[in-house]
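S.K.: Below are the chains, spelled out letter by letter.
2 protein chains.
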Amino acid sequence: MHLKEAGIGEGISEVIVTTQSVSGVPNAAPIGIITATNNNNSKGKDENENNYFVRLYKTSKTLSNVQETNKLAANVTDDAVLFVKAAFEPLTETQFSLFYGFPVLKEANSWVLFDCAFSEKKSESGNFIFQLTPRAVKTNRKEVKAINRGLNAVIEAAIIATRNAITEDERDRAEREKLMALYARIVEKCGGSREKEALKILQEKT
Amino acid sequence: MHLKEAGIGEGISEVIVTTQSVSGVPNAAPIGIITATNNNNSKGKDENENNYFVRLYKTSKTLSNVQETNKLAANVTDDAVLFVKAAFEPLTETQFSLFYGFPVLKEANSWVLFDCAFSEKKSESGNFIFQLTPRAVKTNRKEVKAINRGLNAVIEAAIIATRNAITEDERDRAEREKLMALYARIVEKCGGSREKEALKILQEKT
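So the protein lines, in turn, are chains A and B.
Counting in the working numbering, the first sequence runs from 217 upward without gaps.
Counting in the working numbering, the second sequence runs from 217 upward without gaps.
It is worth saying that the hints were derived from the structure and are not from the lab.
Don't take every hint at face value.
Note that identical chains are pooled: a pair holds if it fits in a single copy or bridges any two copies.
What the hints assert, rightly or not - Here are the simulated BS3-like cross-link-like pairs (lysine-lysine), alpha carbons at most 25 Å apart as the crow flies: (1) Lys-220 / Lys-412; (2) Lys-322 / Lys-416; (3) Lys-338 / Lys-358; (4) Lys-274 / Lys-337; (5) Lys-354 / Lys-405; (6) Lys-405 / Lys-220; (7) Lys-358 / Lys-421; (8) Lys-287 / Lys-337; (9) Lys-274 / Lys-405; (10) Lys-220 / Lys-322; (11) Lys-287 / Lys-338; (12) Lys-287 / Lys-416; (13) Lys-421 / Lys-274; (14) Lys-220 / Lys-354; (15) Lys-322 / Lys-354; (16) Lys-394 / Lys-416.
Here chain A stands alone, though its shape is the one from the complex (with noise of 0.2 Å):
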């Protein structure tokens, strides 16, 4: 499984993680999977060693899902609209497709299907941990693209409305508030159409 060719790397990738219910409903949602490298330093060890992890979201829709089945699918993607839209809203049944019967995102650059165990249940937050196993792998489409600062920015701006959305806590909301203000002039300067359109759909829905 060679899950860095299909652009899941070392640290956290942002992805775009699809499941189904028992009863076949597809849901989309963006979320990191985490990949924690192995650090022994011995030959013919390579990254089929490393361990993956998700951290679903207590009472999320993803985490039902994921109990339900044991299966999730990272979906690959940088564009900024559908990292938004996964966030804030259901996706059409349109934008789905099937990768061995599970459902995936049509656009995305790649797809990663993984079985889930569960590993842990987060005191503190209540959130849950599962281990993945990739179980498929299959990339799409390759590219090159330079860095573009507002695709960056409208991503941290979507990770803030997403927390102002599920806290109470009043005391780091005007902090956050100033950072969704730097983030939205960064994309205005430096994003393309699909950040800009990002930016809009986030703010109408914050």
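Fit chain B to the supplied structure of chain A, relying on the hints for placement.
M.R.: Just chain B, lined up with the frame of chain A:
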């Protein structure tokens, strides 16, 4: 000239710009290539209608080289270490290759060679705007890569560090240092080994 295929898309593309002096000494610096999309909706118009610009800092080596030779190359890469090194220290000779006789970075995913024409000197900043005309393009490597917030954060941190180095303005310095700390936390949490190495270099330089 398919610049989008070489990774130079809408908005501002963060690349490493290589230049050389008349005597042939190469230089590299992280700079944004500005793509000004023409918004005429007439059919038959394509990306060749785009205008490309660059803003060069008034006392930079890149500016004096461009003034001497009227050429620059955009090197598209997502290597955090290369960005940070190019921002703060001269790259070594072995990191350069030649593309149509012009210095480019061996490790870059693509190269675009531009002719540069002086467009404007900004009165408020003293910086120079050049219009760019693409003359040659080469894509060396296509890939799929999930968004990594650590990569984004290290680029933002490098931009802040560069600004701190060129301004005497103390007013915003505290604000910038708060942002630097935020970006460092994101790199530590989400970055891979290249992002963490880049952050370390950045912290040693600032």
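S.K.: Would you list, in rising numerical order, the hints stated earlier that this structure does not obey?
M.R.: Of the numbered hints, 3, 5, 7 and 12 do not hold.
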